[in-house]
Amino acid sequence: MTQVAIIGAGMHPCGRHPDKTFTDIAFTAAQNALDDAGTNWTDIQAFFASHTRQGISAGEIIGQEFGLTGIPMFNVENACASGTTAIHMATQAILSGAHDVVLVAGFEKMQRGVIGGIGEPSSFGARMGLNVMPSLYALKAKKHMHEFGTTEEQMAMVAVKNHKNGALNPIAQYRNEVTLEEVMNSRLVCDPIKLLECCPTSDGAAAIVLASDKVARRFTQKPLIYVAGSSVETSRYGVDDWEASRRTAETAYEMAGIGAEDIQLAECHDAFTIGEIMHYEELGFCPIGEGGWFIEEGHADITGKLPVNPSGGLKARGHPLGMTGVAQVCEITWQMRGEAGTRQVQNDPKAAITHTQGYGGVCAVAVFKK
Amino acid sequence: MATNYQEALEKGWATPVAKDTFTFSEDGKPHFVAAKCTHCGTAVFPAVLRCPNCFKADMTHTPLAAGGELKSFTVVRQGSPDWKGDVPYIIVQVTTDDGVKVSTQLLGCTPEQAEIGMRVTTDIRPLFNDAEDRQVLGPVFIPA
Chain C
1 MTQVAIIGAG
11 MHPCGRHPDK
21 TFTDIAFTAA
31 QNALDDAGTN
41 WTDIQAFFAS
51 HTRQGISAGE
61 IIGQEFGLTG
71 IPMFNVENAC
81 ASGTTAIHMA
91 TQAILSGAHD
101 VVLVAGFEKM
111 QRGVIGGIGE
121 PSSFGARMGL
131 NVMPSLYALK
141 AKKHMHEFGT
151 TEEQMAMVAV
161 KNHKNGALNP
171 IAQYRNEVTL
181 EEVMNSRLVC
191 DPIKLLECCP
201 TSDGAAAIVL
211 ASDKVARRFT
221 QKPLIYVAGS
231 SVETSRYGVD
241 DWEASRRTAE
251 TAYEMAGIGA
261 EDIQLAECHD
271 AFTIGEIMHY
281 EELGFCPIGE
291 GGWFIEEGHA
301 DITGKLPVNP
311 SGGLKARGHP
321 LGMTGVAQVC
331 EITWQMRGEA
341 GTRQVQNDPK
351 AAITHTQGYG
361 GVCAVAVFKK
Chain A
1001 MATNYQEALE
1011 KGWATPVAKD
1021 TFTFSEDGKP
1031 HFVAAKCTHC
1041 GTAVFPAVLR
1051 CPNCFKADMT
1061 HTPLAAGGEL
1071 KSFTVVRQGS
1081 PDWKGDVPYI
1091 IVQVTTDDGV
1101 KVSTQLLGCT
1111 PEQAEIGMRV
1121 TTDIRPLFND
1131 AEDRQVLGPV
1141 FIPA
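So the sequences go chain by chain: C and A.
Note that our numbering has the first sequence beginning at 1, numbered continuously upward.
Note that our numbering has the second sequence beginning at 1001, numbered continuously upward.
Be aware that one or more of the hints could be misleading.
To be verified - FRET-style restraints, in silico, Cβ to Cβ: (1) C:Gln64 x A:Cys1109: 52 to 58 Å; (2) C:Gln111 x A:Asp1086: 17 to 23 Å; (3) A:Ala1131 x C:Pro287: 49 to 55 Å; (4) A:Gly1117 x C:Pro287: 22 to 28 Å; (5) A:Glu1069 x C:His299: 32 to 38 Å; (6) A:Gly1099 x C:Gly360: 23 to 29 Å; (7) A:Pro1088 x C:Thr42: 51 to 57 Å.
Said to hold, decoys possible - Taking lysine-lysine and the DSSO-like style, the derived pairs with C-alpha atoms no more than 30 Å apart in a straight line are: (8) A:Lys1071 x C:Lys143; (9) A:Lys1101 x C:Lys143; (10) C:Lys164 x C:Lys350.
The hints are simulated quantities; they were obtained by calculation from the structure and are not laboratory data.
Note that CB positions come from ideal geometry on N, CA and C, so glycine has one too.
Okay, chain C solo, but in the shape it has when bound (with noise of 0.2 Å):
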């Protein structure tokens, strides 16, 4: 059976950058993974263009910059899933052997501020407020504080850590660290989710090369890092919270042959802090109600059992909408491959999970092997 590799990562830095376009960002980070891949422009057979908002057909605008060579382009949008989801889309495009060589692109430029725009407009939930993306991820934690004795401190630790984590990335937006004192003392915006507890908006893009295990070799002699399992589900009626992502990771899982106590390396949705520690618990690196825990006693740091955004995850890299999936797979092949610097984990994993969910119920995970 076919396998798919990524032969080539590649980024522009996360930020605000006013004075570059989104095409400007993307060409950067396209340009950037087919030269680590040893690919030009006119190896790529199809092309997936992952954003949430930058307009019509914003995937052909890059290709066009890079030539009109005729290939099929995609663009992908599944809210902050959308990246994770064009490389689910373009593994599918090559294990059913329509292509052997496909690029994967993710962009956004952001406004400032609490994302509006959020749901049908003349919906209840939109007219009455509540379609606010903080507020989503608060209730959460007020119910996993009120069940599982969750406190704010341990949900402050995860900004902590991935600041520390993100302060070891070039690419990051946020390249300080901070303190438990100050992620404690930062304004509220969502009881109990404080201002240090928020992923910022951001400008910023991320591309991968995947190629047929057919020609793999043909580019790179760089290790080859494996798509062994993907999924994209959706939730379902009355279910709790965690059974989504649960219910996905559990099918890519499945598909890579492995579970979840061979994962090694992690990079998930923090776009919270009260996220992340629930996605220890949905991805099944601890028990349901124990993400506090998990954290508190340092398994996640880049130096723990099971090293979670050693990128500096959404909070400090960044979350520019439609790159975060994309990101967080060229995090976990430069790791992989060894090549992370400062911040390279210490475990050699050879296993790896990304995962990524968003607005309307989806959720999106990749198992990686090398």
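Please arrange chain A on chain C, whose structure you already have, making use of the hints.
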């Protein structure tokens, strides 16, 4: 007060926040309106066209029990740029006494008074004014 809002709505002085989300019983008391599946009995708020449990399209609109229990809450101190009302405001998840999950705002108490497990009841409250300066009324919970 709810009766006055009922009259304001009938005469067009006020407008509902979204269609088919609340109604008044004969005694003037406000209720959330859910879609209830005539096949399996599942009720959902806000109303949907098909049953999320059995996927049949036999949904009828039905008023929910006024009372319920607060399951989670948050205080929005920085809202979406789309929000036209004041901050802070409280968002709650409530399970009504007939077992339906409703997410809306909690009014009539301070953020410090909100707590998981508290008893709440349905009310109608003005949220903000629309472009024609009419009051926009929404179904909310208040402490019981």
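Verification of the hints:
1. C:Gln64 x A:Cys1109: 52 to 58 Å: holds (56 Å)
2. C:Gln111 x A:Asp1086: 17 to 23 Å: holds (22 Å)
3. A:Ala1131 x C:Pro287: 49 to 55 Å: holds (51 Å)
4. A:Gly1117 x C:Pro287: 22 to 28 Å: holds (24 Å)
5. A:Glu1069 x C:His299: 32 to 38 Å: holds (35 Å)
6. A:Gly1099 x C:Gly360: 23 to 29 Å: The hinted range 23 to 29 Å holds for Gly1099 (chain A) and Gly360 (chain C), with Cβ atoms some 25 Å apart.
7. A:Pro1088 x C:Thr42: 51 to 57 Å: Since Pro1088 (chain A) and Thr42 (chain C) have Cβ atoms about 56 Å apart, the given range 51 to 57 Å holds.
8. A:Lys1071 x C:Lys143: holds (7 Å)
9. A:Lys1101 x C:Lys143: Answer holds: Lys1101 (chain A) to Lys143 (chain C) is near 14 Å, not above 30 Å.
10. C:Lys164 x C:Lys350: Holds, at about 24 Å.
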